[in-house]
Amino acid sequence: DSGVTQTPKHLITATGQRVTLRCSPRSGDLSVYWYQQSLDQGLQFLIQYYNGEERAKGNILERFSAQQFPDLHSELNLSSLELGDSALYFCASSVPRRVGNQPQHFGDGTRLSIL
Amino acid sequence: AQRVTQPEKLLSVFKGAPVELKCNYSYSGSPELFWYVQYSRQRLQLLLRHISRESIKGFTADLNKGETSFHLKKPFAQEEDSAMYYCALSGRGTGGSYIPTFGRGTSLIVHP
Numbered sequence: 001d002s003g004v005t006q007t008p009k010h011l012i013t014a015t016g017q018r019v020t021l022r023c024s025p026r027s028g029d030l031s032v033y034w035y036q037q038s039l040d041q042g043l044q045f046l047i048q049y050y051n052g053e054e055r056a057k058g059n060i061l062e063r064f065s066a067q068q069f070p071d072l073h074s075e076l077n078l079s080s081l082e083l084g085d086s087a088l089y090f091c092a093s094s095v096p097r098r099v100g101n102q103p104q105h106f107g108d109g110t111r112l113s114i115l
Numbered sequence: 001a002q003r004v005t006q007p008e009k010l011l012s013v014f015k016g017a018p019v020e021l022k023c024n025y026s027y028s029g030s031p032e033l034f035w036y037v038q039y040s041r042q043r044l045q046l047l048l049r050h051i052s053r054e055s056i057k058g059f060t061a062d063l064n065k066g067e068t069s070f071h072l073k074k075p076f077a078q079e080e081d082s083a084m085y086y087c088a089l090s091g092r093g094t095g096g097s098y099i100p101t102f103g104r105g106t107s108l109i110v111h112p
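So the sequences go chain by chain: E and V.
For what it's worth, our numbering labels the leading residue of the first sequence as 1, then goes sequentially.
For what it's worth, our numbering labels the leading residue of the second sequence as 1, then goes sequentially.
It is worth saying that the hints were derived from the structure and are not from the lab.
As the structure is a computational prediction, the values presented were derived from the model and not from experiment.
Be aware that one or more of the hints could be misleading.
The calculated lysine-lysine pairs, modelled on BS3-like cross-linking and capped at a C-alpha distance of 30 Å, are [to be verified]:
1) V:22 to V:57
2) V:15 to E:57
3) E:57 to V:65
4) V:9 to V:65
5) V:73 to V:22
6) V:22 to V:65
7) V:9 to E:9
8) V:73 to V:57
9) V:9 to V:22
10) V:57 to V:15
11) V:9 to V:57
12) V:9 to E:57
Using the sequences and the accompanying hints, generate a full structural model.
In structure tokens form, the structure reads like this:
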């Protein structure tokens, strides 16, 4: 068990809606990463937070946003959902030394289905 | 822009055969490279990283800067090696922060 917890495991919603995905990192990890995995795009890096601050940004849409709270858990907010947003969303965390180059520990993911 | 290419979606071998999962990367600086593995019904987890230069579960990977490759190898495949393998690169983005980039993965199937 990597210690990274993601909730919910599954989410089914409709187009136009907004959802929030939650991630609790491993104890002691300050960095949280969010990824989107779809069949045609593979694992795409969305955004990274380190100790509450945005550290790096990847291919994250403007309809998506994230934040990391003082207790280090993170939330990924997806709004105005489209069919193409259906995917598996992973969270990962890493130890704070040399941020960005440390191995990441992944959660089980949240499967989002847009109907 | 940094890129990771895993040319094979699927690699099928028999038990005891050698295995090589290919990974090529594109990055202008000195990258840090990783191999992650996802076994059936398990989480994605780190297998090895190039700076460690170690062998994990019989797998090794050597960084070849000239060929910009980081292929994963094992001399004798085992059935329990069947999994999805992802090559990943961590390199500095335009803003100076490290950006992780993953390949699309190779599914390894080892037949008995």
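Here is how each hint holds up against the structure:
no. : hint         : verdict
1   : V:22 to V:57 : holds, 18 Å
2   : V:15 to E:57 : violated, 42 Å
3   : E:57 to V:65 : holds, 26 Å
4   : V:9 to V:65  : holds, 23 Å
5   : V:73 to V:22 : holds, 9 Å
6   : V:22 to V:65 : holds, 14 Å
7   : V:9 to E:9   : holds, 26 Å
8   : V:73 to V:57 : holds, 11 Å
9   : V:9 to V:22  : holds, 10 Å
10  : V:57 to V:15 : holds, 15 Å
11  : V:9 to V:57  : holds, 22 Å
12  : V:9 to E:57  : holds, 27 Å
Hint compliance for this structure: hint 2 is the single one not met.
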